[in-house]
Every structure is written in structure tokens, then in C-alpha cells.
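Enquirer: Go by the hints and put chain U with the ligands onto chain B.
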Amino acid sequence: MELGCTGKILVVDLTTGRIRPQAVENAVYENFLSGLGLGAWYLYHNIASHADPLGPENVLGFVAGVLTGSGSLFAGRWLVVGKSPLTGCWGEANAGGAFAPAIKQCGFDAIFFSGISPRPVYLFADGNRAELRDAADLWGLDAGAAEARLAEMHTGRKRPRIACIGPAGERQSLIAGVVHDGGRLAARAGLGAVMGAKRLKAVVLAGSQRIKVYDRPGVVRLSRELSATVQNQPPFVSGKVAAYLGRLVRALPAQMETDGLLYKMILRKWGTVGMNQMSIEMGDAPVQNWRGTHHDFDLDTSAALAPDVFTRPVVAKYFCYSCPLGCGALVEGAPGTPPAHRPEYETAMALGPLCLNADAESIFRMNEMLNQAGMDSISAGATIAFAMECYEHGLITRDDTDGLELTWGNSTAMVTLIDKMIRREGIGDLLADGSRVAARRIGAGSERFAVHAGGQELPMHDSRFDPGFALHYAVEPAPGRHTVGSLLYYEMFQLWRQIEGLPGPSRFYLKRSKYDTDVEKARMAAACSQFVNLINAAGLCLFGAFLGVHRLPVFQWLDAVSGQPRPPADYLRIGANIQTARQAFNFRQGVDPLAIQVSDRALGRPPQSRGANKGRSVAVEKLVGEYFQQFGWDRRTGQPRKSILEKIGL
Amino acid sequence: MAYTITDLCIGCGMCKLVCPVVAIEGQPRKDHRILAARCIDCGACGRICPQAAVKDPSGRVCQRIRLRRRWPKPRISEAACIGCTVCVQSCPTSCLGLTAPGGSRESVRKAVLVSPKACIGCGFCAADCPVGAIEMINPEPF
Ligand code: SF4
Ligand code: SF4
Ligand code: SF4
Chain B
0 MELGCTGKIL
10 VVDLTTGRIR
20 PQAVENAVYE
30 NFLSGLGLGA
40 WYLYHNIASH
50 ADPLGPENVL
60 GFVAGVLTGS
70 GSLFAGRWLV
80 VGKSPLTGCW
90 GEANAGGAFA
100 PAIKQCGFDA
110 IFFSGISPRP
120 VYLFADGNRA
130 ELRDAADLWG
140 LDAGAAEARL
150 AEMHTGRKRP
160 RIACIGPAGE
170 RQSLIAGVVH
180 DGGRLAARAG
190 LGAVMGAKRL
200 KAVVLAGSQR
210 IKVYDRPGVV
220 RLSRELSATV
230 QNQPPFVSGK
240 VAAYLGRLVR
250 ALPAQMETDG
260 LLYKMILRKW
270 GTVGMNQMSI
280 EMGDAPVQNW
290 RGTHHDFDLD
300 TSAALAPDVF
310 TRPVVAKYFC
320 YSCPLGCGAL
330 VEGAPGTPPA
340 HRPEYETAMA
350 LGPLCLNADA
360 ESIFRMNEML
370 NQAGMDSISA
380 GATIAFAMEC
390 YEHGLITRDD
400 TDGLELTWGN
410 STAMVTLIDK
420 MIRREGIGDL
430 LADGSRVAAR
440 RIGAGSERFA
450 VHAGGQELPM
460 HDSRFDPGFA
470 LHYAVEPAPG
480 RHTVGSLLYY
490 EMFQLWRQIE
500 GLPGPSRFYL
510 KRSKYDTDVE
520 KARMAAACSQ
530 FVNLINAAGL
540 CLFGAFLGVH
550 RLPVFQWLDA
560 VSGQPRPPAD
570 YLRIGANIQT
580 ARQAFNFRQG
590 VDPLAIQVSD
600 RALGRPPQSR
610 GANKGRSVAV
620 EKLVGEYFQQ
630 FGWDRRTGQP
640 RKSILEKIGL
Chain U
0 MAYTITDLCI
10 GCGMCKLVCP
20 VVAIEGQPRK
30 DHRILAARCI
40 DCGACGRICP
50 QAAVKDPSGR
60 VCQRIRLRRR
70 WPKPRISEAA
80 CIGCTVCVQS
90 CPTSCLGLTA
100 PGGSRESVRK
110 AVLVSPKACI
120 GCGFCAADCP
130 VGAIEMINPE
140 PF
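As given, the protein sequences belong to chains B and U, one line each in that order. Residue numbers for the first sequence follow numbering that gives the first Met the number 0, so the first one is 0 and each next one is one higher. Residue numbers for the second sequence follow numbering that gives the first Met the number 0, so the first one is 0 and each next one is one higher.
So here's chain B without its partners, still in its complex pose:
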């Protein structure tokens, strides 16, 4: 057992009801650490090739990282992993709250579910026992209601922590996620549908076991230093100034290396919605299903979605476990309900400018509906934008939409449509599985309006603005995610300070150089993948990683927790192992990585004729081979070589 880990996983076969704890060999931790790495190792070995994602052979895992519970900060993230029914690839989704420590306090680094239960069940575990219990009365409940009911049912001394699905997961919507703490979602990849297919309503954890750490005071010393950096918040620009900053970024032909401290300040002050207007102005947030620009959603319009609009109803900051930053926020709930979670940037943009919707109130409302139903707000918003464009072109008409007027920006219609998607009613059923599936159902060339990578709706970061995103959307074993890498992320991670041989960006550079396809770009992207895999194996938050490795002491924490210091490059190698395991997983599942396509629009094909990203296109395919090569995979096919797999026990 690696210190910081429990050395055990819990394996649940839902078909037979058999539950058994299983020890994990040390070599697994050495090659993959815990968290995402442990998940990749387990799923690689335990999901049959070409498995049906919604069938009994798929395995759904809840994993916690090695730093969670060790005295580190930013260590409150957990992941759900499994084969994605949305993409058919490796699937993962990440969330915060307090579920990560709860997994480890039950004595496990991860909990894996296979099979399909004959009836709705939930898992209860408290460190002494783990049992499947009847969930017939919970089936059909919204996530918040299910959590409240489960909390009432488990009034032991330890308050339980709960992850569950809402009606969207139960109905196996391919864009359903897993919900925790009243509306924190592990949203992406449609893993809520996998949970629903398994008839697993919830996982309820109430353990109190302790995590052993080699040098806890040492870990805490590092944490205190970091906390001081994070708490230090200089008087900061107003929301309006941030918006104009975005405009400036758009106008200048050159830009400066970005320091993550700037993002920290924005996140601390407003949370992710602090980026709303700024992102639209600089061309980071896609507008009108990726075909629009800031001209279609100008500053006057986006003022309705200004950061301050989103923070006005806030009643308190929301902190995930061990977070010094607190980017989340609670807002007043509907009368008689507990406070709700404030919409995040991704949600606000997907339901806002992407659909030309400037009605903030409708965004709050839809956000809460989606959180309670357990549906991914990025995919939901993107699918609505797709439907609006289909409607505009007459590919779907009022007859198909049950009379809904799906015109751009019609927020009333959007609210109704979300409700229908959750219920799988009429047009909602057509759209409940995301835009790629919907395009197949609609036909008539509608695929060109579905903006996705490998089936997953793209997040609210325009790959024409930061072409680094494009590469990750395309090459990651879990395609279409914005939480791995980009040119901006690379700048903020500052890995070159501690890892020899990695390119350091210039302080000041011409924006057009971002679109050059030099080998360095592939190396930077590979480093991002490795580093973020490590972050996810450690259980850390990406926003912590934005501070850079010179501030976030991830390597030092890991050293202090295990008592076995390793050079940073060795830790990145673990990140590379995880990438290889996930890539090998995809091959086993019959996924050809070269067949994962990013939609033309997101690559600027054809380029836009106006706006911040005017004239830009991204030659992503030129870098794919180089990227593969960074991991020692076959340059042409992306297949990991046998020798590499054997070396890491796959």
C-alpha cells in the first residue's frame, strides 16, 4: 500500500449482489498512483472488449485521489469513470464537494460497479460494512430530493455523503451525469446513463477511517503557505473592466504569457462566471452554435450575463473539501427549498450566448432543473443550440417541436425544452441523447450543425481562439473535454520550471504564432495531458493547478505523503502511464483514435468572416502524430506499443 492510499478497492457485482473488498498490489500504485490512474488500470483489465456501455459488462467506478485526506489543499475532487455511452470511448467526469474523502473514509481508494441490478438499489458503506439496499422508493426522485431522503434514512453518527442520479440518469439520457451535494455534477461523458442502466440510484458513504500519511505536518506546512497565496486578494477590477480586458485581448495582435494568479483572483471574486463577458469579447466563448461572434452577442447584450448579475443572489461561497479558494456559490433557492448552486461559466455560456439567450433568470432556472435531473448543462445547451439551427433551416418544424418556437434566444421555449428533454417527452426524447444522436435521427444533413468531438458536445472554449484546445478535443482518450490542456493552460501550469526539457513559452508573442503547427505544440500538449492525469490521480482541482507548479506544491505534497521522494519527471511519467492505459482501453474497445473528429466549425473550416477569430483555422491533424509519438505510441495509428504496455503491467 502506498501511504496516502487505503490499498483497497470495493468491487460490487450488481447482477449477483456480490460485494467484495479487494487488495491492490503496490505495483499498481507505483505505475498509476490512485484516482484516475487506479480507475484506468481497473477498467482496462475488467471491461470486456467491445462492451455495450449500457450493458452489464461496463464497469462504473468512483475514484478518489492519493492526496485527498492528507492535509493537502485543493484535494477534494473525485471522478466517475467508465466506458462512455455518449462517445463509446474512455469516459470520465469530475466533481467536487465532499464525496472524495468519503470514499477513502470507507477504507477504499475506489468503488467499482459491474453488472445490472434486477431492481433499483443503492450502496451503503460505512467502513465496517457495505450493502446494497432497496431503492424502489427513491427511483424517480430528483437528485436533491433523493439525497435529502437518504440523509433522513441514515442518521448514524457520521453524516453520510451521497452521489446519485436524477431522472435523466434513470431514463438513460446519454448526456446524464452523477450528482452530489444538491447539484454538483460529474457531468460529462454520459456516465449518469450508465448508473441508470445499472439501476444504481445512489452511493451513500458514512465512513470515518483515517488516511495514513508519512509526514502530515510537512504536508500542512506546504498547505499553509499555499493558503496564504490564495487568500491574498488585491483590490480587483470591476466586472465591467474584465469585459473590456477581453476586448483588449481581441484587439491586440500580440499577447503576454498568462499567470494563473489572474484566474485565481477572478475565481475568488466571482467564481467561473467572472469570465462570462470577457470570454465572449475575446472569442473564447462560442456564440450561436459556434457560427456567431461577439457582434451577435455584443457587450450591451452580454451585460445581462455580467459576473455581477450572477453574484447578486449569492448567499455564501461554496467550498469543495479542502479548498482554499471557494469558486462555487450558493444562491437562494425557490421558496421552501435549500439554497441552490449558482450556474457555472460553462452552463451560463451553453445556455446563454450559444443559444443567443440573454435572459439570466432563465439560465438560473434551467441550471437548477438540470442539476436536479442530473443532466450535463454543456451538452444540454449545445444540443439546444443545434436544435435551434435545425429549426432555422427547417430541418425540424413546429410539428416536430410540439409547437415550440425554437428561435434563437427564445428563453421560454428553452425552459420548456429542457423539461421535455429531462422527461424524454416528444422533441425532448429526440434531443435527450445529445446532438450527434439527434442529428442521426433528424438526418437531412443536420450533422453539420452538431458541434462535438467524437460525440461529446464541445465545451465553451473556442478552439479557434486557443488552438491548444483543439488538439486535446481531438486526441484525448476522452474526447471533447476542456479540462486537460490548451496553450493557455500550459502557460499557467509552468511545468518547465521544474521539469527539464519542456519548452518555456515566450513572455510576449504574436497571436498568430499560436496557429503554427510546430513539434513544440505537441510536446506542450503531451505535458498537459500527463500533468492533468497526475492531478486527477492525486485528486486535485484543476483550478489549483492553474496556479502553476511553483505555487501548487503537488510534487512536494506527494513526496511528503509517501515518504519516497521522486523527481517531478517521474511523476509526469505516471501521468503518461495513465494516458497509455486510457488509450489502450480505447483500442480494446475498438475505438480508432483517428476516427474521433472535431466538428469543422470548431476548427474554423471555413474560417469565420468576422469577430475575434476571423480568418482563423486550426490544422489539428498535423499535430496528432507528433502527439502520439510523445507517449511512444505508433505515430500513424496512435496504438500504444506492446513493450510499453508490458512495462506498466497492462
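In case anyone wonders, no lab produced these hints; they're calculated from the structure. Treat the hints loosely; a few may be bogus.
[Stated by the list, open to error] Derived lysine to any residue pairs resembling SDA-like cross-links, with alpha carbons at most 25 Å apart: (1) B/K7 to B/R311; (2) U/K72 to B/R158; (3) B/K211 to U/D55; (4) B/K211 to U/R32; (5) U/K15 to B/R128.
Expert: Just chain U with the ligands, lined up with the frame of chain B:
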């Protein structure tokens, strides 16, 4: 690690009641025993045992503290607390909570001892706080 019970045990069952993780077995008036795999080393059994029959993991006999209200309690520095919720999750009896929401976007909910009576004085909250905002204090005898 784990605590142990010696043969001074008279089977009063106090420890079994106080143990937050159901790690103690035993019939009334019979010898009790601690299941090592379950014990989280909170020390509550040692603080409650009237017979001085509990030893800590290093083999020292635990000191009974007669009145439960005199057991060590966390004192949380509101100024130092950053609201990270670690202690809330560490507490085996869930007696810590956060101050109620009802402020603005600047409001950080701080840790508070919500149910002092349920506190077993384990000190896990203080040990785990990543910024050292909690100190265990011995309440004044009165
Ligand atoms: S030390 Fe705490 S957990 Fe262990 S047996 Fe005693 S009361 Fe239970
Ligand atoms: S662990 Fe410390 S900083 Fe975090 S909430 Fe508790 S007292 Fe506050
Ligand atoms: S000492 Fe702290 S962790 Fe232990 S029971 Fe009391 S409040 Fe909970």
C-alpha cells in the same frame, strides 16, 4: 495500531456506547474487546472507561476524564479558518458544521462546533485542519 482492552474490564459497556465506529464488541458484564481493523484511534473508549482498562496503541493506560463536559474540545479560530470543510468531514461524530448561509458573494462559511455534546474529544479536526485553525482545549473545571 488500534486501542486495546485489558482484563480489568468489567463489561460495563460504556466504551461500546461511545465508540463512533462500532469497533467494540462484548456482552454486558463480560470482557469487551476492540476490533483492531475498525478502530480509528479516537481514544474515546479510554476517556470513558471507569476501570482504566483501555490502553492506547503505544500500550499506555488511558486516563479517564470523569465528566464528559471536561473532555477536550476544539476551539476554532474564526479568523484563521478558511472554510475549507476538512474538519467537518474528518469528525467521526459529525458534530462540526458550517455557519449558515445568508450573506453575500464574499461570505465564507466558517467551521463551528454545532453539537458539543456529541464531541468525543478525538482531536481529528485539529489534526487535519490544513491551516492550523483548530486548537484542542481542556474546558475549565467549574
Ligand atoms: S479508540 Fe475510538 S474507535 Fe477505537 S475502539 Fe476506542 S472508541 Fe472505538
Ligand atoms: S479544517 Fe480548519 S480551515 Fe478548514 S473549515 Fe475546519 S477550521 Fe476552517
Ligand atoms: S474533537 Fe473534533 S473531530 Fe473529534 S469529535 Fe470533537 S469536533 Fe469531532
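Enquirer: Compare the structure with each hint and give your call.
Expert: These are the hints, each one checked on the structure:
For a cut-off of 25 Å, the pair hint linking B/K7 to B/R311 is broken: about 45 Å separates their Cα positions. Annotation: proposed proximity of U/K72 to B/R158 holds, straight-line Cα distance about 20 Å (limit 25 Å). Of the pairs offered as hints, the one joining B/K211 and U/D55 holds, with about 17 Å between alpha carbons and a cut-off of 25 Å not exceeded. Simply put, B/K211 and U/R32 have alpha-carbon atoms about 24 Å apart, close enough for the 25 Å limit, and the pair holds.
For a cut-off of 25 Å, the pair hint linking U/K15 to B/R128 stands: about 18 Å separates their Cα positions.
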